[in-house]
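Student: Using the sequences provided together with the hints, build the complete structure.
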Amino acid sequence: MKRTVPVIIAAITGFVILIAFFLPPTQSWGEGAGIWFNILAAFAFVLGGANLLKVQLETISSRRPGWGYALVVVLSFVAMLTVGLLKVGVNPEPQYPDRAWSGPFDIASSPFGWSYAYVFSPLTSTMFASLAFYVASAAFRAFRAKNIEAILLLTTAFIVLIGNTAAGRITDGLPDWLSFLKFDVLVANIMSYVSTGAWRAITIGIAIGVAATSLRVLLGIDRPYLGRN
Amino acid sequence: MLSLLERIDRRVIFLLMGLAVSIPILFPLPLDYKPSRLAQSVFDAIDQLPEGSRVCISYDYDPASAGELQPMATAMLYQAAMKKHKIFFMALWGPGKTLGSEGVQQILLKYRPEYRYGEDYVELGYQTGNEVVIKVATTDLKLQFPTDVKGTPIERIPVMRGVANLQAMDLVISISAGYPGSKEWVQYYVSAFPGEKFVTGTTGVQSVSLYPYIPQQIIGMLGAIKGAAEYETIVKARYPGPDGKPPPELGEGQRRMGPQLSAHLLMVSLIILGNVVFFLQRSAKRRKEAGR
Chain A
1 MKRTVPVIIA
11 AITGFVILIA
21 FFLPPTQSWG
31 EGAGIWFNIL
41 AAFAFVLGGA
51 NLLKVQLETI
61 SSRRPGWGYA
71 LVVVLSFVAM
81 LTVGLLKVGV
91 NPEPQYPDRA
101 WSGPFDIASS
111 PFGWSYAYVF
121 SPLTSTMFAS
131 LAFYVASAAF
141 RAFRAKNIEA
151 ILLLTTAFIV
161 LIGNTAAGRI
171 TDGLPDWLSF
181 LKFDVLVANI
191 MSYVSTGAWR
201 AITIGIAIGV
211 AATSLRVLLG
221 IDRPYLGRN
Chain B
1 MLSLLERIDR
11 RVIFLLMGLA
21 VSIPILFPLP
31 LDYKPSRLAQ
41 SVFDAIDQLP
51 EGSRVCISYD
61 YDPASAGELQ
71 PMATAMLYQA
81 AMKKHKIFFM
91 ALWGPGKTLG
101 SEGVQQILLK
111 YRPEYRYGED
121 YVELGYQTGN
131 EVVIKVATTD
141 LKLQFPTDVK
151 GTPIERIPVM
161 RGVANLQAMD
171 LVISISAGYP
181 GSKEWVQYYV
191 SAFPGEKFVT
201 GTTGVQSVSL
211 YPYIPQQIIG
221 MLGAIKGAAE
231 YETIVKARYP
241 GPDGKPPPEL
251 GEGQRRMGPQ
261 LSAHLLMVSL
271 IILGNVVFFL
281 QRSAKRRKEA
291 GR
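Chain order of the listed sequences is A and B. Counting from 1, position 171 in the first sequence corresponds to residue 171 in the working numbering; the numbering is continuous, with no gaps. Counting from 1, position 167 in the second sequence corresponds to residue 167 in the working numbering; the numbering is continuous, with no gaps.
Worth flagging that the hints you see were computed from the coordinates, not collected in a lab. Worth double-checking, as some hints may not be accurate.
Taking beta-carbon pairs under 10 angstroms as the criterion, some of the chain B residues facing chain A (in silico) [stated by the list, open to error]:
(1) K97
(2) T128
(3) K135
(4) K150
(5) A192
(6) V208
(7) A263
(8) V268
(9) L273
So these bits of chain A aren't anywhere near chain B, every CB distance computed over 10 angstroms [claimed, not checked]:
(10) V5
(11) G30
(12) S61
(13) N91
Treat the numbers as computed from the prediction; the structure is a model and nothing was measured. Ideal Cβ placement from N, Cα and C applies to all residues, glycine included.
Tutor: Dropping the structure here:
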């Protein structure tokens, strides 16, 4: 029962969405299934939050390596959740002045808005920006012209890297009969023909694989959503 | 010398990259950009719509990608405001809702102070569900967004009159950092209803995967900071600020091309240097083996 019911629900929902795509009169069925999906996705946030707390609290209580980081995660999570849910420091909307909670939770002057602007935003930007340093180090150590394929890859990378900067304009002075060697032309040709052709092949391959896998899921042959137990 | 290069500490490379990025930020380089066909297509898609058209901007990114995407988001919003379009803000990413609100405060209300919430623009906010949000809103917007961010039912918002679904939009713009984003807009909006107009601004990593959809499904695309810089060039030339000078918010893409130039040149130099070291090592090893 615990396995059969979810499989039936998944199969019916999947086929409803599939049919709704091809048969316009059944479109509202697909919308209904979509809304149910969105409601479940909202619940998944709660489950995700609970799971995050469980894992981090276990790490702290057992003093596993890195438990200090787990403590920071728990404190940050609880602090943001509290100021966001309770709308701490939020002013009411002008049209509802007597409703204390009518203002948006993320208004810039609120603790949530402040934490977003001055903690969350710079931290995520820093994490992403630090990639440049690791990519530079990896480029020096790992990008080797060991064979023909690697040489082709390196040549393409050089053209695209330089062509996507102002340095690409150094070839602007080339005569018309050599215009195919201009960086912007080379980059455009690589992106429009070479890269796009390869990407189309990959996309078609993925699409066929996804169609086959989806059919297995719809028919209940694969049940990844049921977990291992 | 060779052994020194072999054993070069990665912190030295980090330092070089830090200098390569920070010096052009502190001392901006005077660079100019020739707009590409794709940047021009994005501009034309917004500009050729009659005044007062409905433009939906979906903020499908978070602050991690804002360094790359915020300049183009700012310039697109500025152009849409200059054309006096009705603007509908939404987000497929949670933090995107806040980024859209920042755009309203910093750009829309600064350059179009006469714009009124609910009459000229509306913030629909963020909804969970990823691509399903697009799928449902494409056929029934109210089902997906029953209220705006202020909690007002959308049937009571004047600008929403006649907007039953996203097909009522004259143009949809997605500023996208990944999933869900531009690709899902193509799959569930443009492909489901061919003829809908869609343009996008994306990260450099993602833009490669979107080229196959140009120009049928995606009319125009701004790829990474270069796309933003090219687009800013066109927008600034066509819509100078109120005092005739370019709005300061519209120079960020061009300013960030300086650090990108030096960082890319450093990368190329490091790859070349790494390969020189590799081949010198290999030939030294072969000579040593031949000498035995």
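Student: Tell me if B/L273 is really an interface residue toward chain A, meaning its C-beta lies closer than 10 angstroms to one of theirs.
Tutor: holds (7 angstroms)
Student: Using the nearest Cβ pair, does B/T128 come within less than 10 angstroms of chain A?
Tutor: Since the shortest Cβ distance to chain A is 4 angstroms, the answer is holds.
Student: A/N91 clear of chain B by more than 10 angstroms, beta carbon to beta carbon?
Tutor: With a cut-off of 10 angstroms, A/N91 remains clear of chain B, as the shortest Cβ separation is near 13 angstroms.
Student: Can you verify the interface hint for B/K150: is its Cβ closer than 10 angstroms to any Cβ in chain A?
Tutor: holds (6 angstroms)
Student: For the restraint on B/A192, tell me whether the closest CB of chain A is nearer than 10 angstroms.
Tutor: Where the cut-off is 10 angstroms and the nearest Cβ of chain A is about 7 angstroms from B/A192, the hint holds.
Student: Against chain B, does A/S61 hold up as non-interface, every C-beta pair farther apart than 10 angstroms?
Tutor: holds (30 angstroms)
Student: With a cut-off of 10 angstroms on the beta carbons, see whether B/V268 makes it to chain A.
Tutor: holds (6 angstroms)
Student: Can we keep the B/K135 interface hint, with Cβ of chain A closer than 10 angstroms?
Tutor: For B/K135, the interface hint holds, since the closest Cβ of chain A sits about 6 angstroms away, which is under 10 angstroms.
Student: Verify that the Cβ of A/G30 lies farther than 10 angstroms from every Cβ atom of chain B, and report whether the claim holds or is violated.
Tutor: Not fine: 7 angstroms to the nearest Cβ puts A/G30 too close to chain B.
Student: Double-check B/A263 for me: the hint is only fine if its C-beta lies closer than 10 angstroms to a C-beta in chain A.
Tutor: holds (6 angstroms)
Student: Taking the closest Cβ pair, is B/V208 under 10 angstroms from chain A?
Tutor: OK, holds: B/V208 within 10 angstroms of chain A, min 6 angstroms.
Student: Would the least Cβ to Cβ distance between A/V5 and chain B come out above 10 angstroms?
Tutor: holds (22 angstroms)
Hint compliance for this structure: hint 11 is the single one not met.
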